Amino acid sequence: MHDRKEQATTAPAEGHRPIDWGYAYELYGADLFAFLRRALGDRVEAEDLMQEVFMRAMRARSHPEPDALRPWLFRIASNLAISHHRRRRILTFLSLKSSDAIEERPDDDEGRHVRAALRSIPRDQAVTLTLALHEGFSRREIAQMLGLSEEAVKSRLARGRRNFAVAYRTLGL
Amino acid sequence: VNYVDEHVRTQLEFDRDPGGLTPHDRAQLRRHLATCAECRAYADELSRNDALLARRERSIAPPLLRSRQLFAPAWGVLAALAAVALVGVTVLGIARENAVSTLPLATSASPSAVPSSPITPPAVQSPTLPPMGTATEVLPTPPPGAPLRGNWIVVGKLLTDASNARSQVEIWGVPVDRSAPARLFYTFAFGIGTVPEGPSDRTPYLRRQFSADGSQLVLSVRGSLTIVDLGTGQVRSLGIDGDFPSWSKDGSLIAFVHRLPVTDVVPPPFGLAVVAPTGGAIRELAVVTAPNQSAEWSPDGRALLMAVRDGTAVIDVASGRVTRTLRSVSPASPSFAHWRLGRPSLVIAGYGCDRGSAHVVTLDDLGASERTVLDTGDSCDRVDLRDPRWNPQVRSELLYVRASRAPGREAFDYSLHVLDVDTGRDRTLPISTHEATWTWAGTEIAYIAKDASRPFGSVVLLANHVDGSGQRELLRAEPGASFFSIASVAF
Numbered sequence: 001m002h003d004r005k006e007q008a009t010t011a012p013a014e015g016h017r018p019i020d021w022g023y024a025y026e027l028y029g030a031d032l033f034a035f036l037r038r039a040l041g042d043r044v045e046a047e048d049l050m051q052e053v054f055m056r057a058m059r060a061r062s063h064p065e066p067d068a069l070r071p072w073l074f075r076i077a078s079n080l081a082i083s084h085h086r087r088r089r090i091l092t093f094l095s096l097k098s099s100d101a102i103e104e105r106p107d108d109d110e111g112r113h114v115r116a117a118l119r120s121i122p123r124d125q126a127v128t129l130t131l132a133l134h135e136g137f138s139r140r141e142i143a144q145m146l147g148l149s150e151e152a153v154k155s156r157l158a159r160g161r162r163n164f165a166v167a168y169r170t171l172g173l
Numbered sequence: 001v002n003y004v005d006e007h008v009r010t011q012l013e014f015d016r017d018p019g020g021l022t023p024h025d026r027a028q029l030r031r032h033l034a035t036c037a038e039c040r041a042y043a044d045e046l047s048r049n050d051a052l053l054a055r056r057e058r059s060i061a062p063p064l065l066r067s068r069q070l071f072a073p074a075w076g077v078l079a080a081l082a083a084v085a086l087v088g089v090t091v092l093g094i095a096r097e098n099a100v101s102t103l104p105l106a107t108s109a110s111p112s113a114v115p116s117s118p119i120t121p122p123a124v125q126s127p128t129l130p131p132m133g134t135a136t137e138v139l140p141t142p143p144p145g146a147p148l149r150g151n152w153i154v155v156g157k158l159l160t161d162a163s164n165a166r167s168q169v170e171i172w173g174v175p176v177d178r179s180a181p182a183r184l185f186y187t188f189a190f191g192i193g194t195v196p197e198g199p200s201d202r203t204p205y206l207r208r209q210f211s212a213d214g215s216q217l218v219l220s221v222r223g224s225l226t227i228v229d230l231g232t233g234q235v236r237s238l239g240i241d242g243d244f245p246s247w248s249k250d251g252s253l254i255a256f257v258h259r260l261p262v263t264d265v266v267p268p269p270f271g272l273a274v275v276a277p278t279g280g281a282i283r284e285l286a287v288v289t290a291p292n293q294s295a296e297w298s299p300d301g302r303a304l305l306m307a308v309r310d311g312t313a314v315i316d317v318a319s320g321r322v323t324r325t326l327r328s329v330s331p332a333s334p335s336f337a338h339w340r341l342g343r344p345s346l347v348i349a350g351y352g353c354d355r356g357s358a359h360v361v362t363l364d365d366l367g368a369s370e371r372t373v374l375d376t377g378d379s380c381d382r383v384d385l386r387d388p389r390w391n392p393q394v395r396s397e398l399l400y401v402r403a404s405r406a407p408g409r410e411a412f413d414y415s416l417h418v419l420d421v422d423t424g425r426d427r428t429l430p431i432s433t434h435e436a437t438w439t440w441a442g443t444e445i446a447y448i449a450k451d452a453s454r455p456f457g458s459v460v461l462l463a464n465h466v467d468g469s470g471q472r473e474l475l476r477a478e479p480g481a482s483f484f485s486i487a488s489v490a491f
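So the sequences go chain by chain: A and B.
For what it's worth, my numbering labels the leading residue of the first sequence as 1, then goes sequentially.
For what it's worth, my numbering labels the leading residue of the second sequence as 1, then goes sequentially.
It is worth saying that the hints were derived from the structure and are not from the lab.
A couple of the hints might just be wrong.
Claimed, not checked - Looking from chain B toward chain A, a few residues come up when the C-beta cut is under 7 Å (computed):
1. 13
2. 14
3. 45
4. 49
5. 52
6. 54
7. 57
What the hints assert, rightly or not - If you want a taste of the chain B side facing chain A, the calculated C-beta under 10 Å gives, among others:
8. 12
9. 18
10. 19
11. 20
12. 40
13. 42
14. 46
15. 50
16. 51
17. 56
18. 366
19. 369
20. 379
Since we're looking at a predicted model, the values are computed, not measured.
Where is the CB? At the ideal position from N, CA and C, for every residue including glycine.
With the hints as constraints, model all of the structure from the sequences given.
Pasting the structure below:
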């Protein structure tokens with residue numbers, strides 16, 4: 001297991017082993033999907049972007065240093081989530097059957113309401129809030145991912161908290 | 001909470017993060033909280049919200065489609081299959097080809113009149129399509145000298161290999177004339193750029209990409225602006241990196257989105273720029289926040305409409321200044337607007353999540369106020385309005401696509417509507433599509449039939465614009481391919 005993990009997170013320098021993307025997906029797929037689903041507030045959209053994230057990662061000319069694959073994948077996911085447009089759904093999961101779909105737990109109203117509130121605030125704020133609170137990234141890490149200063153991340157988190165509070169309240173929760 | 005002082009509110013929000021406040025500010029905030037019940041309530045609310053946002057839900061990554069192939073593709077087999085499929089497509093396309101006439105082209109991509117020239121038999125040499133997955137990416141057809149006549153519907157076709165790692169785009173022209181077959185204009189393989197989260201112009205929005213006279217098409221081929229002469233088959237690269245091109249309706253400029261030359265910034269900033277169709281120096285107009293869409297030109301070529309996060313910006317091309325921001329509707333789709341000569345001049349479809357429901361607005365001219373001509377009453381998570389297109393012959397009529405989903409459902413249903421902006425009458429045609437266009441006579445609608453089993457659609461059909469009757473198939477995609485965009489051109 002350790003060897004595969006090491007392989008999955010090893011930069012493919014010239015002549016080195018390539019990244020094991022299958023295992024990288026096993027390692028980080030669930031976290032990335034949870035992040036995207038939460039930040040986007042939409043499971044289908046999150047599924048679309050999951051594949052897009054991995055496709056773009058796989059096609060990138062260079063990959064990160066060992067052990068930096070996770071934040072790198074989150075960086076791609078975050079920036080895609082912020083700029084994503086619905087029409088560009090050419091990489092949908094074509095044959096995802098209903099039995100494959102993740103069913104909403106009937107009693108999971110709270111999660112649904114949180115996603116609804118996140119969906120109604122600016123996308124960049126929803127992504128930043130989710131990176132910080134759901135994924136536990138520090139302000140510095142988020143700043144590196146999103147190409148912002150730490151101060152800008154701090155401001156975005158504050159604005160996001162305020163808008164989320166208003167949205168959650170407005171939803172009557 | 002409403003009575004909490006703005007400064008205190010901000011301090012409380014900053015205080016949620018470690019190091020968000022200096023020790024001095026933090027101590028001062030604590031002292032204030034002791035005397036302010038509303039402030040304590042807001043602090044409690046923020047704390048509760050943070051806990052909600054941190055709570056992890058049950059989460060299972062969706063099974064990636066064909067994950068084995070995705071991660072361990074059998075390239076040799078795929079290339080062979082793709083080559084066989086593409087040769088089949090070529091043979092089919094050429095066998096059905098019989099249209100040749102003479103240039104110059106008579107009309108423009110912005111419908112105004114219906115030409116009626118006959119279509120004559122072809123003298124077309126067989127093109128050789130590149131097998132998917134090779135570096136070959138340019139295949140102009142028809143060959144030099146082959147001209148075009150008549151009413152055409154142009155559609156884009158996307159073929160994606162089984163690994164989803166590489167795509168091929170083909171641009172097809174279909175004469176509306178029943179006797180005329182389909183014709184392949186142009187095809188190219190598509191690679192993904194080196195910036196993972198950069199723009200991805202794999203499914204161009206064709207309506208904006210024709211020259212003013214309809215004789216040429218601008219495409220982004222692997223991120224490089226490329227002009228295809230539809231009559232001669234000549235392909236010309238402008239040598240300029242750009243995506244989502246949009247040709248001005250006066251023919252003088254091409255607007256496009258490109259990555260700005262700033263290093264070490266993530267995400268990379270994107271700019272809206274213009275260049276002459278002959279190439280040369282580009283002129284920067286604006287930094288854009290939503291790079292995955294093309295801009296809509298004004299009929300006189302002096303202004304551009306670009307979707308921004310909280311509305312739609314009107315950009316003066318000469319100065320690059322944003323002269324107006326239309327905030328009543330936030331576009332969700334790159335096909336958000338259609339701008340024409342006449343009154344009303346401009347239609348925009350979309351939604352404003354924070355401003356009520358999904359709706360359609362028109363403007364008589366750029367100085368006029370926004371007029372809501374259709375309000376769905378549904379919020380943005382239920383309805384998305386897309387791709388409004390004016391009828392070329394009926395001033396008050398337009399078509400649009402409504403994507404909607406019922407409560408509790410995640411998938412969208414697509415329906416085609418025809419709206420009279422004078423009377424407000426909104427007809428729902430019995431047609432499921434994500435994109436449609438008028439014929440030049442304005443009496444029929446050509447559309448890509450939505451296919452639940454693949455992205456976009458697999459059949460191009462023609463139907464009466466009144467009730468969707470008289471449907472006639474124009475073009476069908478082979479398994480694994482889909483049509484993604486549709487536009488009308490007359491030659």
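Status of each hint after checking the structure:
Proximity of residue 13/B to chain A holds as hinted, the smallest CB-CB distance being about 4 Å (cut-off 7 Å). The restraint placing residue 14/B at the interface with chain A holds, with a minimum CB-CB distance near 6 Å, inside the 7 Å limit. Proximity of residue 45/B to chain A holds as hinted, the smallest CB-CB distance being about 6 Å (cut-off 7 Å). Because the beta carbon of residue 49/B sits about 6 Å from the nearest beta carbon in chain A, less than 7 Å, this interface hint is met.
Checking residue 52/B against chain A by beta carbon gives a least distance of about 5 Å; that is within 7 Å, so the hint holds. About 5 Å separates the beta-carbon of residue 54/B from the nearest beta-carbon of chain A, less than 7 Å, and the hint is met. Taking 7 Å as the C-beta cut-off, the interface hint given for residue 57/B holds, the closest approach to chain A being about 5 Å. Nearest Cβ of chain A to the Cβ of residue 12/B: about 9 Å, under the 10 Å cut. The hint holds.
Evaluation of the residue 18/B hint against chain A yields a held restraint, the C-beta minimum of about 8 Å falling below 10 Å. The beta carbon of residue 19/B comes within 8 Å of a beta carbon in chain A, closer than 10 Å, and the hint placing it at the interface holds. Hint status for residue 20/B: holds, given a least beta-carbon distance of 6 Å to chain A, under 10 Å. Interface hint status for residue 40/B: violated, as the beta-carbon distance to the closest one in chain A is roughly 14 Å, over 10 Å.
With a least beta-carbon distance of about 8 Å to chain A, the hint placing residue 42/B at the interface is held under the 10 Å criterion. Interface hint at residue 46/B: satisfied, since its Cβ lies 6 Å from the closest Cβ of chain A, which is below the 10 Å cut-off. Hint status for residue 50/B: holds, given a least beta-carbon distance of 6 Å to chain A, under 10 Å. Look at residue 51/B: its Cβ gets to within about 9 Å of chain A, closer than 10 Å, so that hint holds up.
Among the interface hints, the one on residue 56/B holds; its C-beta lies about 7 Å from the nearest C-beta in chain A, closer than the 10 Å criterion. Residue-level restraint check for residue 366/B is violated (minimum Cβ-Cβ distance to chain A is 25 Å; threshold 10 Å). Hint status for residue 369/B relative to chain A: violated, with the closest Cβ pair at about 26 Å, above 10 Å. The interface hint given for residue 379/B is met, as the beta carbon of that residue sits about 9 Å from the closest beta carbon of chain A, less than 10 Å.
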